Structure formats: structure tokens, C-alpha cells
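Novice: Listed in order, the protein sequences are those of chains A and B.
When we follow our numbering, the leftmost residue of the first sequence carries the number 179, and every step to the right adds one.
When we follow our numbering, the leftmost residue of the second sequence carries the number 179, and every step to the right adds one.
Worth double-checking, as some hints may not be accurate.
Identical copies look the same in the list; a pair holds intra-copy or inter-copy alike.
Only pairs whose alpha carbons sit at most 27 Å apart, straight line, appear in this in silico BS3-like list of lysine-lysine [stated by the list, open to error]:
#1 Lys252 <-> Lys189
#2 Lys256 <-> Lys180
#3 Lys189 <-> Lys232
#4 Lys275 <-> Lys252
#5 Lys232 <-> Lys180
#6 Lys198 <-> Lys180
#7 Lys180 <-> Lys257
Rather than coming from a laboratory, the hints here were simulated on the basis of the structure.
Bear in mind the structure is a predicted one, so any value in this text is a computation, not a measurement.
There are 2 protein chains.
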Amino acid sequence: MKVINLSDVTKSTVKMEGAKNVLKQIPIEKADGTPNMSMRVFTVEPLGHTPYHKHEYEQLNYIVEGEGVLINEKGEEKKLAQGDFALVLPNEMHQYKNVSDNRPFIFLCGVPKEFE
Amino acid sequence: MKVINLSDVTKSTVKMEGAKNVLKQIPIEKADGTPNMSMRVFTVEPLGHTPYHKHEYEQLNYIVEGEGVLINEKGEEKKLAQGDFALVLPNEMHQYKNVSDNRPFIFLCGVPKEFE
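Model the full assembly from the supplied sequences, consistent with the hints where possible.
Specialist: Dropping the structure here:
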């Protein structure tokens, strides 16, 4: 059993091409012995965004704070705000953007443990 | 891709033996095509609790609101509040309790999709 507060989890800058003003934390990772899924938290600073990209694994999201959009494989924007969940399936093109110029957009992102 | 707000997800009462004042929602479940994990949300009403129990699968928790405790396999209480994550491993005895008499205790609970 592990219990940790988000404020105690190291933040690192996402350096992936196409990412702007994005920080990552990993409160639950494979080193903790999680059998299937890891849990990451992304903080997208004002006007920042993740790359518009896809990968072979799914993502389970929960929006903790702020307002943003999730762009789908058709380029359509779906609004995201606190209390929203999203499921991005394997190989779906997607991008998260913070639409605020003064508040962070923070969301959880569960992925298979192999990736973190 | 699925996007849904928690307020739009059906709530059901948990009828498992040992549960008191607990409601469950399942914003991401196997019917959505999730490849590995489902995401549930439990609302433990004031002075409510889950059973003190164990099972063969893990749980990944994030505390959305309120204050509670997570009781481990030794009977020790770990405080939980908004922003905390917990990982309960397979076959670990555990129980969640709301310690407030006037506020709900709400947390996410990721589990393998086979269970929801």
C-alpha cells in the first residue's frame, strides 16, 4: 500500500516534440509494484499544450483543475473541465490544450505500467 | 474517445456486506472499450465506510473531495484528503472511512476492466 500527496511528487518538464509548457508527475508507477496501470499527472501551464499525437496504449483521464480542450482524431475540440473523465483509446490521435491564459490545466492520466 | 462529466454518471448504492452509506459511479467501464482498466468513483457519505476486505485485484485511488482514512492490513489508519493518491495491492486488507459528520468523502478507484 502506498499513499502520497500530489504536492510531494517530483515534477519534470515534458520535452517531447510538440509539447509546450507541460509538467509531469508520476504518483503511482511500476516501481511501486502496480500490477497493471500507472498514474501520471500533467500540469499544462497557461496557453500550453501536449503534442498532437497517438500511441499504442490507452489513457484514462480525470480533470483535477482548470479548463482545457481535448482534440480528437478529426481535429474536433471537446471541452474539458474539473470533474470530467476522458478515455483515449489506443492509436487515437489526440492533444490536450489549456485554453486559459492565467490558470493551470491539471489532469490525471492512467496508462499501462509498461510506460512509466 | 469518450468524455463524460461525473455529474452525468449514474449513482448506485453499494450493497456489499459491511458497506455503509457508499455510492458508486463508473465513468469508464469495459463497455466503453477500455483495454485494461475501468475507473470508478465512490462517494462515502458522512460517517460511512466500505467493508474491511480484500480481493485479488489492485486499486488505484485519487481523492477528489473530503477527508477520510484508509485502513491497512495491520489495522493502521492512513489519513486521506484531496490530492492524495493511494495504491492498494492485490490481496491487501483495506477499508475506506469518511471521518467527517457533514461532508462527503469522494475518491476515484481504478481497477482492472474485468471487474466493471
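Novice: The structure should be examined with respect to each hint, and the outcome stated for every one.
Specialist: Here's how the hints hold up against the structure:
1. Lys252 <-> Lys189: Neither way: Lys252 and Lys189 sit 32 Å apart in one copy and 32 Å across, limit 27 Å.
2. Lys256 <-> Lys180: Answer is between; shortest inter-copy Cα gap is 10 Å, intra-copy 34 Å.
3. Lys189 <-> Lys232: Within one copy only: 23 Å inside, 33 Å across.
4. Lys275 <-> Lys252: within (16 Å within a copy, 44 Å between copies)
5. Lys232 <-> Lys180: between (31 Å within a copy, 16 Å between copies)
6. Lys198 <-> Lys180: between (31 Å within a copy, 24 Å between copies)
7. Lys180 <-> Lys257: Result: close only across copies, 12 Å inter versus 33 Å intra.
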